[in-house]
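Using the hints, build the complex out of the two chains.
Heads up: the sequence lines are chains E and Z, in that order. Take the first sequence: its position 133, counted from the start at 1, is 133 in the numbering used here, and no numbers get skipped. Take the second sequence: its position 203, counted from the start at 1, is 1203 in the numbering used here, and no numbers get skipped.
Worth double-checking, as some hints may not be accurate.
[As the list claims (entries may be wrong)] Taking lysine to aspartate or glutamate and the DMTMM-like style, the derived pairs with C-alpha atoms no more than 20 Å apart in a straight line are:
1) LYS1222(Z) - GLU1149(Z)
2) LYS45(E) - GLU122(E)
3) LYS148(E) - GLU74(E)
4) LYS1182(Z) - ASP130(E)
5) LYS37(E) - GLU104(E)
6) LYS96(E) - ASP130(E)
7) LYS1182(Z) - GLU74(E)
8) LYS107(E) - GLU1168(Z)
9) LYS107(E) - GLU1161(Z)
10) LYS45(E) - ASP120(E)
What the hints contain is simulated information worked out from the structure, not anything from laboratory work. Because the structure is a prediction, the values reported are computed rather than measured.
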Amino acid sequence: MFAKLISLLAVTALFAGCHVSGGSPSRELASDITRVKLNHPSGDKAPIPLGDRMTIVNLFDEFSTGCPTGNRFETMERLNSLRQAGTAIMLIFSDKHFSAQDLENFKAILPMADSLGRGDIEPVRPHLTDGKLLVVLDSKGRVIWQEKAHTSEQQVFSEISSLIYSASK
Amino acid sequence: MNTILGLTLICRLALGAQTISTIPETQIRLRPVYLSSQQQEARFKLVAPAAIAVGRSGNIYLFDDGNSRIVKLDARGRVIGEFGQPGSGPGAVRSGGLNDSIAVDDDENVYVSDPATPKILIFNSDGTFQRSFRLPFPVTSIAVNRKHEIFVTPNVSRPTELIFVFSETGRFLRRFGERLIKSPGSLARNMNLAVAAFDANNNLFVAFRSWPVIRKYSPDDKLVTENQFTIPAELIDESQRKNYSLEFFAKYPDSAFTPPIITHSISINPRGAGYLLLNAHSIVVFGPSGKVTRQFHFLAPRGRENVFIRLATGLSARARAYVLDTRSGEIYEASEL
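For reference, chain Z alone in the conformation it holds in the complex (with noise of 0.2 Å):
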């Protein structure tokens, strides 16, 4: 018994004290793939997208959120369908900022959290509407499993679990998975804000939105490790250091703090290795268990006019790494990851 509470006790002295360093940067090469030179017809054109995710096919799909609509690539960058559309009715999606909205299984199905109204919408991979249904909160990740179980990040200041899972139909099953704070509040609610991704083993990786830490579930929800990476220097300056902890927030769960870090997306390609995208130039890689391996700024080919808020790669060996800039909507391959 004191061996647990010994090891609670460390576990939980490492997640107080974080890790601040600097890191390096890395050039790691990017390849367009869908330009904004390609984008000169209307049709072409992407506003504002919000999300990205890689189906078994190597096809790219994109939740084009300016556009209320899902473009489909090839690898290529050849647009090859487009899907959903803005207003209501069945298949409507509603813009609604930047979620990471967007989900593809196995057999290459295709789900949208539409976080405006908020629901989940079903399509097939040629785009036929299939079904939705409706959530009581927005969310801020969406992730499917092999069984074609819906893993959902809520965003709601209310404590409650960390994921929610729901069948293909959309009948609500299960939820699981400790918040960092849980007290209610406006800042507790933007630190509890998560997204989550499946390796091919059915495990869930779940990273925070602002703390540094990767969390490992194993297909029976049950939380496997925590890890944590570290804080790169140059975001966090002394005063938000000084206030940049689980105490504080826990204590202050109203307050007004801009946290250092914003993790925009996690992804796992068919090998088991992790990537999180952080504050638009940054990636971390993690191994099957969640450690970190690797942690580095890159080099955009616009520098920081580049504002890449995704990084997706699939789970079939065909499937590459992408990144999504949302400013351009321009998209290029991380060849190297």
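Next comes chain E alone, as it looks inside the complex (with noise of 0.2 Å):
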């Protein structure tokens, strides 16, 4: 019983702070987001690099109807206009329906080129939502917000400034 109660300790201590209004982060996607792997031009693969505060990660698997892909880019070209220091930003794109040139091709026509990449994104396939998943993590790469089903753009763009801005506190 005791053990029983200093896990549940430990698992609210984890999370104490997180901003949970867009679903609760969980245990198996923290753990699935540090398998993603980005592909580098030399051919290397490599872990998401995290920012010294806060990673903004949206992975894009396919895009929908029902979710237009040019708003959730807008959403981010938001964001990251009220980035501060040590906040990253990545948008990447599965590598099993984008190829090398669509990413070129998004680095030419979209602002952000730098924050754009591509990689194996399959380790989080099963917390994609509409083909797309948007989290935040911390410095140490741990979840502490995810995106839910059906949430509005102006929704996540809201939840998620606040938590840029508390950052920066």
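Printed below as a string of structure tokens:
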């Protein structure tokens, strides 16, 4: 009984300070996201690089009509404009559905070219909603916010901008 | 310098002051090519067809959106092929709404912009899937020039150029063209939607979905002319007239406003005559310079039951002009165009 209580306290402590309105961060997701690997031009694969304070990561598998891609890009651009020192933003496209040329095109067309990457996102596939997932990680790679299904772009922007603001204090 | 400023001002004033007038009703002969009576069998049935293009051979290619496929007809309306399929994987096309999303090049390769994923798929004329590439935005129109460069008009609210160009292998090449409204916003997004088509000399003609202007761009992407057409008086009421201006849209780029016109499609024939299809039952005819020569409402075989959303003609002498009714899935040849 005591051991269970300790475990409960430990879990509670782990998530203390989390902004959970976008959905409860899961331990599985935290573990799975560390297994996402980015492709580098050299051919190497590397984990998602973390910001000193926080990292905002959007993983794309397939785009869907229900959630126009343009809106998410625009949300990420707006968040990028609020970004403080120590906060990183990454948009990672599945290498299963996006070619190296697609990524080069996106870098040439979209703002935030340095934040765009391509990689193996299979470990987080079970967590995707409408073919995508937006998470915010702390400096140790723990999930402190996670996108929930049917969250509006305005709500996503509002909640993550609050996190950026809090982290800057 | 003063002259340039003066000309710019005149141009702006001319664009600000729209011509609103009644336009004549004209009977044009619409010859049935593919009627609902020919679509009794499920495999022949079109469901919410969204786009049509005409190849050099005279064959007709339809984006049958509701069935996630491309249907190939000969000029007499016989089905001679179908390709693409729903789902995922190479050659899959998802249903995605009424975008002007099909183009055919000189070699009769078929380019389809899948608005849902979004991506461009390329098939050869017998339907063999060649390749696809992804886009970071949905598009409203696709056109291919004689160099096989692919021109798309994006559907985005953030400020960007009007036209994006890709190579036939899908490499991004360049972008150009000013948007009508440069502010970001949902209304600005809708006002900047555009359709595009090439003439036989690789000039690109662009018409905005809800603003009465036709632009002509040279083969090296330079704006050559910008010409207005008349807004049919019966399509615009007093309240719309008051706010139907680029100044209003720029000032309130997120406001709710229902524009009086919808330009469904643009197409150019081998002699350089161009056609816009407006509001399902009106046609604007323009010459090789983009200057409007004629504008009229036409009488449809089933009256207002027909909802024509595309008018397409090809660039070869054999190609005819067709109108597509998305509601019934019927195609008629507009033999007098």
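* **Violations among the numbered hints** => 4
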